[in-house]
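> Residues per chain, in single letters:
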Amino acid sequence: MSDTTITPGIAIVPIPVRELLPWVIFGVLALLAIYFVGADEGATSIVPGMYVHEWVHDARHLLGFPCH
Amino acid sequence: MARTLLIRGMLVGLLAGLLVFTFAKTFGEPQVDRAITFETAMDEAKVKAEMAKGMPAPPDEPELVSRPVQASYGLATGVFVYSAAFGGLFALVFAFIYGRVGHLRPRAVSALLAAGGFVAVYLVPILKYPANPPSIGQPDTIVFRTEIFTIMIVISVAAMVGAAVLRQRLVPSRGAWSATLIAAACYAVVIIAAWLLLPPLDETPEGFPAAVLWKFRIASLGMQFIMWTTLGLVFGELADRILTSGYGLPRANRPRTVLH
Ligand SMILES: [Zn+2]
Chain U
55 MSDTTITPGI AIVPIPVREL LPWVIFGVLA LLAIYFVGAD EGATSIVPGM YVHEWVHDAR
115 HLLGFPCH
Chain Z
113 MARTLLIRGM LVGLLAGLLV FTFAKTFGEP QVDRAITFET AMDEAKVKAE MAKGMPAPPD
173 EPELVSRPVQ ASYGLATGVF VYSAAFGGLF ALVFAFIYGR VGHLRPRAVS ALLAAGGFVA
233 VYLVPILKYP ANPPSIGQPD TIVFRTEIFT IMIVISVAAM VGAAVLRQRL VPSRGAWSAT
293 LIAAACYAVV IIAAWLLLPP LDETPEGFPA AVLWKFRIAS LGMQFIMWTT LGLVFGELAD
353 RILTSGYGLP RANRPRTVLH
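In the order they appear, the protein sequences are chains U and Z.
Residue numbers for the first sequence follow the working numbering, so the first one is 55 and each next one is one higher.
Residue numbers for the second sequence follow the working numbering, so the first one is 113 and each next one is one higher.
Just so you know, not all the hints are guaranteed correct.
[Stated by the list, open to error] Simulated crosslink set (SDA-like; lysine to any residue; CA at most 25 Å straight-line): (1) Z:Lys327 <-> U:Glu108; (2) Z:Lys137 <-> U:Ile88; (3) Z:Lys158 <-> U:His122; (4) Z:Lys240 <-> U:Ala97; (5) Z:Lys240 <-> U:Asp94; (6) Z:Lys240 <-> U:Glu95; (7) Z:Lys158 <-> Z:Val324; (8) Z:Lys240 <-> U:His107; (9) Z:Lys137 <-> U:Tyr89; (10) Z:Lys327 <-> U:His107; (11) Z:Lys240 <-> U:Phe90; (12) Z:Lys240 <-> U:Tyr105; (13) Z:Lys158 <-> U:Phe90; (14) Z:Lys137 <-> U:Gly81; (15) Z:Lys137 <-> U:Pro68; (16) Z:Lys137 <-> U:Glu108; (17) Z:Lys158 <-> U:Met104; (18) Z:Lys137 <-> Z:Pro242; (19) Z:Lys137 <-> U:His122; (20) Z:Lys240 <-> Z:Leu325; (21) Z:Lys240 <-> Z:Ala161; (22) Z:Lys137 <-> U:Ala87; (23) Z:Lys240 <-> Z:Ala323; (24) Z:Lys240 <-> Z:Val255; (25) Z:Lys327 <-> U:His122; (26) Z:Lys137 <-> U:Asp94; (27) Z:Lys158 <-> Z:Phe320; (28) Z:Lys240 <-> U:His122; (29) Z:Lys327 <-> Z:Lys160; (30) Z:Lys240 <-> U:Thr98; (31) Z:Lys160 <-> U:His122; (32) Z:Lys137 <-> U:Glu95; (33) Z:Lys240 <-> U:Ile88; (34) Z:Lys240 <-> U:Tyr89.
If you're looking for bench data, these hints aren't it; they were derived computationally from the structure.
My request is simple: use the sequences and hints to build the entire structure.
Given below as C-alpha cells:
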C-alpha cells in the first residue's frame, strides 16, 4: 500500500467489510432497477407485455442500451 | 456510515437525474423524433411496396404509450431510476474502496471512481457498440445485441477492477506514476482484444441521416458525462464532509481536521 501522504491532517480509515455486507442487497436492487430500464421486455422479460419497454423507451435508447 | 453514504449516493443520483433529464430533453429528444420520422417513412414505404404486390395492409399496431408521454414522463422515469440506481451503486463501491486505494481523501476517491466508472461502464463499451436511435437495429437481433453489449460491459468493468488492483500491487515497487501507466496499458490491451474479438454490429439502414446519428450519440455521451461528473464531484463533496468531520459523533467529540 502506498503511503505517500497526500492529505496530512485527515485520518483515512476504511469502512470495515462486515459493516458494508448487509448493504450489498441494495447493490443487487440497483442492478435490478438498471435491468428494468435497460433490458426488460426486450431481450428477456420479467414483466409480461410491452408496457415497461414502451414507457422507458426513449431513456433506453439515449442511455445506450440496445432497443429496436 | 455505509447507510449514510448509500442514502447520499442515491440522493446525488436523483440530482444527477434531474440534470441528465434536462439535457436529454433538450439535446436528445429532437434526434429521437427525427429518427422516428425516418422509421415511420421507411415502414410506410415498405407497406406501400407490399400492397402494390397484392399483399394485405398490416393491422395497425396499438400504441401503448403515446410519443409525448414517452418523451416526457417515460424519459424522466428511465433517467431517474437509472441515475438513482447508479448513485446507490457508486456509494457502495466508494464505501468499499475508500481507505483501501492509498491515502486519498474522500473527494479524490469519489472523483477517481467516477472517472473510472464513466470509462469502464459507458465509454469503452459504446466505442464498440454505440448508442442507437430508433429505426437502427433489427428487432430479431435484440437478444444477440443485448448479450454482446452486456459481455462488453462485464469485460470492461472486470478489466478496470483488475487494473486498479494491479496498480495497487505495483505502487510499492514501481512508484505511483509507473504503476498507473502499467495498469492503464494492461487495461488497454484487454479492451483492444475484446473490441477485436467480439462480433461487429452494423444495422444502420441505408439513407439514415448521418447528422441525426451523430447528434444522437453525442447527446447520449453528454448524458452519461453529466451523470458521472455529478456523482463524482457532488457525492465526493458530501462524502468528504461525512468522513472527515466526525459525522455521527457528538459535536464536542469531533476531531479538528486540517483541510486544505
Ligand atoms: Zn426502441
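> Now, for every hint given, state plainly whether the structure supports it.
How the hints compare with the structure:
1. Note on Lys327 (chain Z) and Glu108 (chain U): the hinted pairing holds, with a Cα-Cα distance of about 23 Å set against a maximum of 25 Å.
2. Between Lys137 (chain Z) and Ile88 (chain U) the CA atoms are separated by roughly 20 Å; this keeps the pair inside 25 Å, and the hint holds.
3. Pair hint Lys158 (chain Z) plus His122 (chain U) holds up; C-alpha atoms about 17 Å apart against a cutoff of 25 Å.
4. Distance restraint check for Lys240 (chain Z) and Ala97 (chain U): the Cα-Cα separation of roughly 19 Å lies within the 25 Å cut-off, and the hinted pair is therefore satisfied.
5. Under the criterion of a C-alpha separation no larger than 25 Å, the hint pairing Lys240 (chain Z) with Asp94 (chain U) is consistent with the structure, at around 22 Å.
6. As the CA atoms of Lys240 (chain Z) and Glu95 (chain U) are separated by approximately 24 Å, the hinted pair is consistent with the 25 Å bound.
7. At most 25 Å may separate the alpha-carbon atoms for a hinted pair to count; Lys158 (chain Z) and Val324 (chain Z) meet this at roughly 22 Å.
8. Distance hint between Lys240 (chain Z) and His107 (chain U) is fulfilled; the C-alpha atoms sit about 24 Å from each other, no more than 25 Å.
9. About 22 Å separates the Cα atoms of Lys137 (chain Z) and Tyr89 (chain U), which keeps this hinted pair within 25 Å; it holds.
10. Proposed proximity of Lys327 (chain Z) and His107 (chain U) is supported: the alpha carbons are some 23 Å apart, at most 25 Å.
11. Taking the CA atoms of Lys240 (chain Z) and Phe90 (chain U), the gap is near 23 Å; set against the 25 Å cutoff, the hint holds.
12. Note on Lys240 (chain Z) and Tyr105 (chain U): the hinted pairing is violated, with a Cα-Cα distance of about 29 Å set against a maximum of 25 Å.
13. Straight-line distance between C-alpha atoms of Lys158 (chain Z) and Phe90 (chain U) comes to about 32 Å, which puts the hinted pair past the 25 Å bound.
14. Proposed proximity of Lys137 (chain Z) and Gly81 (chain U) is contradicted: the alpha carbons are some 28 Å apart, above 25 Å.
15. Distance restraint check for Lys137 (chain Z) and Pro68 (chain U): the Cα-Cα separation of roughly 40 Å exceeds the 25 Å cut-off, and the hinted pair is therefore not satisfied.
16. Restraint check for Lys137 (chain Z) and Glu108 (chain U): satisfied, since their Cα atoms lie roughly 17 Å apart, inside the 25 Å limit.
17. Taking the CA atoms of Lys158 (chain Z) and Met104 (chain U), the gap is near 24 Å; set against the 25 Å cutoff, the hint holds.
18. Note on Lys137 (chain Z) and Pro242 (chain Z): the hinted pairing holds, with a Cα-Cα distance of about 20 Å set against a maximum of 25 Å.
19. Taking the CA atoms of Lys137 (chain Z) and His122 (chain U), the gap is about 20 Å. The hint holds against a cut of 25 Å.
20. Simply put, Lys240 (chain Z) and Leu325 (chain Z) have alpha-carbon atoms about 15 Å apart, close enough for the 25 Å limit, and the pair holds.
21. For the hint linking Lys240 (chain Z) to Ala161 (chain Z), the alpha-carbon distance of about 35 Å lies beyond 25 Å, and the restraint is violated.
22. About 22 Å separates the Cα atoms of Lys137 (chain Z) and Ala87 (chain U), which keeps this hinted pair within 25 Å; it holds.
23. Distance restraint check for Lys240 (chain Z) and Ala323 (chain Z): the Cα-Cα separation of roughly 19 Å lies within the 25 Å cut-off, and the hinted pair is therefore satisfied.
24. Simply put, Lys240 (chain Z) and Val255 (chain Z) have alpha-carbon atoms about 17 Å apart, close enough for the 25 Å limit, and the pair holds.
25. The suggested pairing of Lys327 (chain Z) with His122 (chain U) holds, with an alpha-carbon distance near 19 Å, which does not exceed 25 Å.
26. A C-alpha spacing of about 23 Å is found between Lys137 (chain Z) and Asp94 (chain U), which places the hinted pair at or below 25 Å, so the restraint holds.
27. Under the criterion of a C-alpha separation no larger than 25 Å, the hint pairing Lys158 (chain Z) with Phe320 (chain Z) is consistent with the structure, at around 15 Å.
28. For the suggested pair Lys240 (chain Z) and His122 (chain U), the alpha carbons sit about 18 Å apart, so the restraint of at most 25 Å is met.
29. With a CA separation close to 30 Å, the supplied pair Lys327 (chain Z) and Lys160 (chain Z) exceeds the 25 Å bound.
30. For the hint pairing Lys240 (chain Z) with Thr98 (chain U), the CA-to-CA distance comes to about 22 Å; that is within 25 Å, so the pair holds.
31. For the hint pairing Lys160 (chain Z) with His122 (chain U), the CA-to-CA distance comes to about 22 Å; that is within 25 Å, so the pair holds.
32. The suggested pairing of Lys137 (chain Z) with Glu95 (chain U) holds, with an alpha-carbon distance near 24 Å, which does not exceed 25 Å.
33. Restraint check: the Cα-Cα separation between Lys240 (chain Z) and Ile88 (chain U) comes to about 21 Å, which is no more than 25 Å; the hinted pair holds.
34. Between Lys240 (chain Z) and Tyr89 (chain U) the alpha-carbon distance is near 20 Å, which keeps this suggested pair within the 25 Å criterion.
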